[in-house]
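FYI, in the UniProt record's numbering the residues of the sequence shown are 1 to 262.
Simulated from the structure, these hints should not be mistaken for lab results. Check before you lean on any hint, since a few could be wrong.
DSS-like mimics (lysine-lysine), calculated; alpha carbons at most 30 Å apart, straight line [claimed, not checked]:
#1 LYS17 x LYS217
#2 LYS17 x LYS214
#3 LYS169 x LYS148
#4 LYS125 x LYS148
#5 LYS125 x LYS169
#6 LYS217 x LYS148
#7 LYS148 x LYS214
#8 LYS148 x LYS17
#9 LYS17 x LYS125
#10 LYS17 x LYS169
#11 LYS132 x LYS169
Taking CB as the label site, the calculated pair distances span [what the hints assert, rightly or not]:
#12 GLN107 x GLU81: 32 to 38 Å
#13 LEU208 x PRO98: 16 to 22 Å
#14 ARG82 x GLN200: 36 to 42 Å
#15 PRO98 x HIS243: 34 to 40 Å
#16 HIS243 x ALA166: 25 to 31 Å
#17 ARG197 x SER151: 14 to 20 Å
#18 PRO98 x GLY220: 17 to 23 Å
#19 GLN107 x GLN134: 22 to 28 Å
#20 SER151 x GLY245: 30 to 36 Å
#21 ARG46 x TYR178: 33 to 39 Å
#22 GLU209 x ARG46: 21 to 27 Å
#23 ALA53 x GLN134: 18 to 24 Å
#24 ARG95 x GLU210: 22 to 28 Å
All C-beta atoms, glycine included, are put in the ideal place defined by N, C-alpha and C.
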Amino acid sequence: MDLGLQGKIAVVTGGTKGIGWATAAWLAREGAQVAICARTTSDLERAAEEIAAATARRPFAMPCDVTDDEQVQRFFTAVLERFGTVHILVNNAGRAQPGHFDELTWQQWQDDLNVKLYAHIRCIKAVLPTMKAQRWGRIINMNSILGKQPSAAAICTSTWRAACIAFTKALADELAPYNITVNSVNLGTIVSDQLERRRQRVAPHLTLEEFADKTAKEMGIPLGRLGRPEEVAALVCFLASEHAGYITGAAVNIDGGAARFV
Numbered sequence: 001m002d003l004g005l006q007g008k009i010a011v012v013t014g015g016t017k018g019i020g021w022a023t024a025a026w027l028a029r030e031g032a033q034v035a036i037c038a039r040t041t042s043d044l045e046r047a048a049e050e051i052a053a054a055t056a057r058r059p060f061a062m063p064c065d066v067t068d069d070e071q072v073q074r075f076f077t078a079v080l081e082r083f084g085t086v087h088i089l090v091n092n093a094g095r096a097q098p099g100h101f102d103e104l105t106w107q108q109w110q111d112d113l114n115v116k117l118y119a120h121i122r123c124i125k126a127v128l129p130t131m132k133a134q135r136w137g138r139i140i141n142m143n144s145i146l147g148k149q150p151s152a153a154a155i156c157t158s159t160w161r162a163a164c165i166a167f168t169k170a171l172a173d174e175l176a177p178y179n180i181t182v183n184s185v186n187l188g189t190i191v192s193d194q195l196e197r198r199r200q201r202v203a204p205h206l207t208l209e210e211f212a213d214k215t216a217k218e219m220g221i222p223l224g225r226l227g228r229p230e231e232v233a234a235l236v237c238f239l240a241s242e243h244a245g246y247i248t249g250a251a252v253n254i255d256g257g258a259a260r261f262v
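With the hints as extra help, turn the sequences into a complete structure.
As structure tokens, then:
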């Protein structure tokens, strides 16, 4: 299927590893001009080289902490100066914040809100004028099934993920007259750097593949395995395409059937 992404300008935050890397590479492979950002320059340089080798299209890469207003403004100013517009924004930057209510500090609550919701808002504000002017845009907010199926062991993350779903739906209504769609991708457990860090912490005697299999069994995932970054990337690219032009305000699960809500 031709996704019609040839020549589109796409921005992927947190684009150096895992889902972000896979999404940036898939978009580039479909013919989009891609810009990625992350906090670490060395990771950006490595990712840009890898994506160029895999797709023959080198992404524009620039350091940016999406929790910092000035850095976000500098990054998107550079993107617009280079490409002239932005058609697709994938808000992917984020991190895990586990913990029960009594274990979390007020600062941890604030920091998690900043990265899981305010960062999305910053980036959207930066691209919205150009999307409105061209009357076309795709905004995809990477999220979690915790937004609809909260966990006491991740109460902070669950709270802000739910807020992101509500924000996505409300913004989708507001931007629909401009032919701008806004959707949330609700992730289950994906084989990623976060999973590898967890393996190192709780089961260093297992390989990543063994740990992924063990995790899938413990979670009772109907498909019997964890997700892969490229599967998420395929969904994101579809939502970014013309074929998904009638999908907006949706919270789409990609979790192997793990979520119990309907």
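Tested hints:
For the suggested pair LYS17 and LYS217, the alpha carbons sit about 25 Å apart, so the restraint of at most 30 Å is met. For the proposed pair LYS17 and LYS214, the alpha carbon gap of about 23 Å is at most 30 Å, so the pair holds. Distance check on the hinted pair: LYS169 and LYS148 sit about 13 Å apart at the alpha-carbon level, within 30 Å; holds. For the hint pairing LYS125 with LYS148, the CA-to-CA distance comes to about 25 Å; that is within 30 Å, so the pair holds.
Note on LYS125 and LYS169: the hinted pairing holds, with a Cα-Cα distance of about 16 Å set against a maximum of 30 Å. Taken as a hint, the LYS217 and LYS148 pair is honoured in the structure, with Cα atoms around 22 Å apart against an allowance of 30 Å. Distance restraint check for LYS148 and LYS214: the Cα-Cα separation of roughly 24 Å lies within the 30 Å cut-off, and the hinted pair is therefore satisfied. Straight-line distance between C-alpha atoms of LYS148 and LYS17 comes to about 26 Å, which keeps the hinted pair within the 30 Å bound.
The suggested pairing of LYS17 with LYS125 holds, with an alpha-carbon distance near 25 Å, which does not exceed 30 Å. For a cut-off of 30 Å, the pair hint linking LYS17 to LYS169 stands: about 28 Å separates their Cα positions. As the CA atoms of LYS132 and LYS169 are separated by approximately 18 Å, the hinted pair is consistent with the 30 Å bound. In this structure, GLN107 and GLU81 meet the distance hint of 32 to 38 Å, their C-beta atoms being roughly 35 Å apart.
The hinted window of 16 to 22 Å between LEU208 and PRO98 holds, with their beta carbons roughly 19 Å apart. Range check, ARG82 to GLN200: Cβ separation about 38 Å, and the 36 to 42 Å hint holds. A C-beta distance of roughly 36 Å is found between PRO98 and HIS243, which places it inside the suggested range of 34 to 40 Å. Range check, HIS243 to ALA166: Cβ separation about 26 Å, and the 25 to 31 Å hint holds.
For ARG197 and SER151, the hinted distance range of 14 to 20 Å is satisfied, since their beta carbons lie about 18 Å from each other. Between PRO98 and GLY220 the beta carbon distance is about 19 Å. The supplied range of 17 to 23 Å therefore holds. Between GLN107 and GLN134 the Cβ separation comes to about 40 Å, which falls outside the hinted range of 22 to 28 Å. Evaluation of the 30 to 36 Å hint for SER151 and GLY245 yields a pass: the beta carbon distance comes to about 34 Å.
About 36 Å separates the C-beta atoms of ARG46 and TYR178, a value consistent with the hinted range of 33 to 39 Å. Checked against the given bound of 21 to 27 Å, the beta carbons of GLU209 and ARG46, roughly 23 Å apart, stay inside it. For ALA53 and GLN134, the Cβ-Cβ distance of about 31 Å falls outside the hinted range of 18 to 24 Å, so the restraint is violated. Between ARG95 and GLU210 the beta carbon distance is about 24 Å. The supplied range of 22 to 28 Å therefore holds.
When held up to the earlier numbered hints, the structure conflicts with 19, 23 and fits the remainder.
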